[in-house]
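Asker: These protein sequence lines are chains A and B, in that order. Taking UniProt numbering, the leading residue of the first sequence gets 1, the next gets one more, and so forth. Taking UniProt numbering, the leading residue of the second sequence gets 1, the next gets one more, and so forth.
To be clear, the hints were calculated from the coordinates, so they are not data collected in a lab. Don't take every hint at face value.
[Stated by the list, open to error] Each computed PhoX-like pair below joins lysine-lysine, with the alpha-carbon atoms no more than 25 Å apart:
1. B:K255 with B:K232
2. B:K113 with B:K190
3. B:K17 with B:K119
4. B:K115 with A:K77
5. B:K113 with B:K134
6. A:K237 with B:K17
7. B:K17 with A:K77
8. B:K105 with B:K119
9. B:K190 with B:K67
10. B:K187 with A:K237
11. A:K77 with A:K6
12. A:K157 with B:K247
13. B:K134 with A:K232
14. A:K157 with B:K105
15. A:K77 with A:K152
16. A:K77 with A:K157
17. B:K115 with A:K157
18. A:K152 with B:K105
19. B:K187 with B:K119
20. B:K255 with B:K187
21. B:K115 with B:K105
22. B:K119 with A:K157
23. B:K113 with B:K16
24. A:K157 with A:K237
25. B:K119 with A:K237
26. B:K187 with B:K134
27. A:K6 with A:K232
28. A:K237 with B:K134
29. B:K134 with B:K119
30. B:K115 with B:K187
31. B:K115 with B:K190
32. B:K113 with A:K157
All values reported here derive from a predicted model rather than from experimental measurement.
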Amino acid sequence: MKGRSKVETMIRIGLYALLIALFVYAFQIGAFTYIAENPSEIAYLVGQHIRMVAISSAAAICCAIPLGIFITRPQFKRFEFLVINFANIGQTVPSIAILALVMTYLGLGWQTAVFALWFSSLLPILRNTIAGIDSVHPAIIDAGKGMGMTQKLILWKLELPNASYAILAGIRTATVINVGTAALAFLIGGGGLGDLIFTGISLYDTGIMLSGALPVILLAITIDFMLGIFEKLIIPKGLQRKVEAI
Amino acid sequence: MITFSNVSKIYESTGKKVTAVDHVNMSVEEGEICVFLGPSGCGKTTLLRMVNRLVQITEGSIEIDGKDIQALDSIELRRSIGYVIQQNGLFPNMTIEENINVVPKMLGWDAGKRKNRYKELMEMMGLNPEEFRKRFPWELSGGQQQRIGVARALAADPPVMLMDEPFGALDPIIRDHLQNEFLRIQKDVKKTILFVSHDIDEAIRLGDKIAIFNQGQLMQVGTPDQILSDPKNEFVRDFIGSDREIKRLTLLTVKDLLNKGKKGNRKSNLTAEINEFYVTLDTDLRNALAVLLASPTGEAVIVDQRNQPHGILTFTDYELLTGVHPSKLKSIVH
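Throw the hints in and build the complete structure from the sequences for me.
Answerer: Written out as structure tokens, the structure reads:
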């Protein structure tokens, strides 16, 4: 345990060093000058980016978890393989392809971007919800049933708490990836920080590009960190041993 | 009292019918432990799970105290029956106290009553209530977990308990210990218990009654002594093994043998010191025999409750049991 935590700290320090190096590089190249000179533009784009991620992720959570619960009920269990296969195939489609596909139907604009982001974060959450509920040990469910728990109690007191680790991990992964994918929204007129990144690329201006990329990185790290704290609060204490052991 | 009349369970899969339980007729008296014994796949667990309707009855009926279980609400029925399973089934997301209070909470007991009951049960199990209150199942050893499993089943004081190989996954020493404790607790609580096991020694030890199953059919039901002395058919004879006469010794204690034959007549020459080869009055004759076989002199000192020497046990004492028809064994010593 101690050896592992030592390696972990070293890797963590390495990653921080890399991040700092990136910032120093960005500073030299002039990204911060651009940010300092255009604070209102940056703030606007960050706001747009966050809004896109928040709406699409929230909608994905609201759809994927109920659907996952629904499909794991005994009555609908036989359709589970359909949903899982759909989710698996859906996840292999690259996000940029989803953007292109959705664009052909919904046209350009912000809504299209949100819809595409919603769709691509839906699948990992759905898959983790189903896998989490399915992985609850059958003996636990059997004991609950045998003690006279109703279906509803089994879901709320046994299945969801014991699957919470997997479900929250799905949400965390999906949301963080979503932050990165949202940068592509610029391509179909969705705005967001992708605006600066792609402008920078086409102008061969690394400074402008990084002034878009850095906020995206910071956003992803912050959201990951916040969701990590959220996990600690929500996952039952009795299950957190697993979290620590990893 | 639990009565099984003509109980059958038939599984149908892709047109093929599999009879898991085949017209079982038997009854279990109140306050009795009845062990369902048999090889795996013999239908014993299925029959057990039919009692709390986790498995639906295909044919026949099960009555608890004269009430047909089919007529009762399945949720209420289950809340009135204690249920313990092999992997203890403790809920990993709940503390020990929450685990034990699951059924009382569903039954709407108030917090004070639940707290008292928790304390009472933990003391009964020989665990410190305060130490374990806020702990989680994974922090406990296998034996402790299984004890909590039993305590949880007892929480709402149900008259009937179903136990599906509760000690099956434990190592022999802990299992031995828990079996003893289980018998001690049963003396106080006097539940009607259906107990599934595949271990003949466990069945002899715990059961007031043993029901032996094979391929869904009830082969024989009776007291351990009846089963061991008078196996009804080839299957039962094979299942209990050729050493059944030795297993029968488990049913008698050193005290039984003394009462019959020795009358303490050899007390006079009691000069032996208590060494490592000793038995107590409550040691069963099977274990006592093992001590004699290990002893270099072929003798063992009998000690009483106060650890004082009481007499000497030798192989000759066992001669008392030879030449007696097995079914008379119990009667000659009493």
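Asker: For each hint, tell me whether it holds in the structure or not.
Answerer: The hints, checked one at a time:
no.	hint	verdict
1	B:K255 with B:K232	violated (30 Å)
2	B:K113 with B:K190	holds (22 Å)
3	B:K17 with B:K119	violated (49 Å)
4	B:K115 with A:K77	violated (39 Å)
5	B:K113 with B:K134	holds (18 Å)
6	A:K237 with B:K17	violated (46 Å)
7	B:K17 with A:K77	holds (24 Å)
8	B:K105 with B:K119	holds (15 Å)
9	B:K190 with B:K67	holds (20 Å)
10	B:K187 with A:K237	violated (37 Å)
11	A:K77 with A:K6	violated (44 Å)
12	A:K157 with B:K247	violated (45 Å)
13	B:K134 with A:K232	holds (18 Å)
14	A:K157 with B:K105	holds (12 Å)
15	A:K77 with A:K152	holds (16 Å)
16	A:K77 with A:K157	holds (20 Å)
17	B:K115 with A:K157	holds (20 Å)
18	A:K152 with B:K105	holds (15 Å)
19	B:K187 with B:K119	holds (19 Å)
20	B:K255 with B:K187	holds (20 Å)
21	B:K115 with B:K105	holds (11 Å)
22	B:K119 with A:K157	holds (23 Å)
23	B:K113 with B:K16	violated (51 Å)
24	A:K157 with A:K237	holds (14 Å)
25	B:K119 with A:K237	holds (22 Å)
26	B:K187 with B:K134	violated (30 Å)
27	A:K6 with A:K232	holds (22 Å)
28	A:K237 with B:K134	holds (10 Å)
29	B:K134 with B:K119	holds (13 Å)
30	B:K115 with B:K187	holds (24 Å)
31	B:K115 with B:K190	holds (23 Å)
32	B:K113 with A:K157	holds (22 Å)
Hints 1, 3, 4, 6, 10, 11, 12, 23 and 26 from the list above are not met by this structure, while the remaining hints are.
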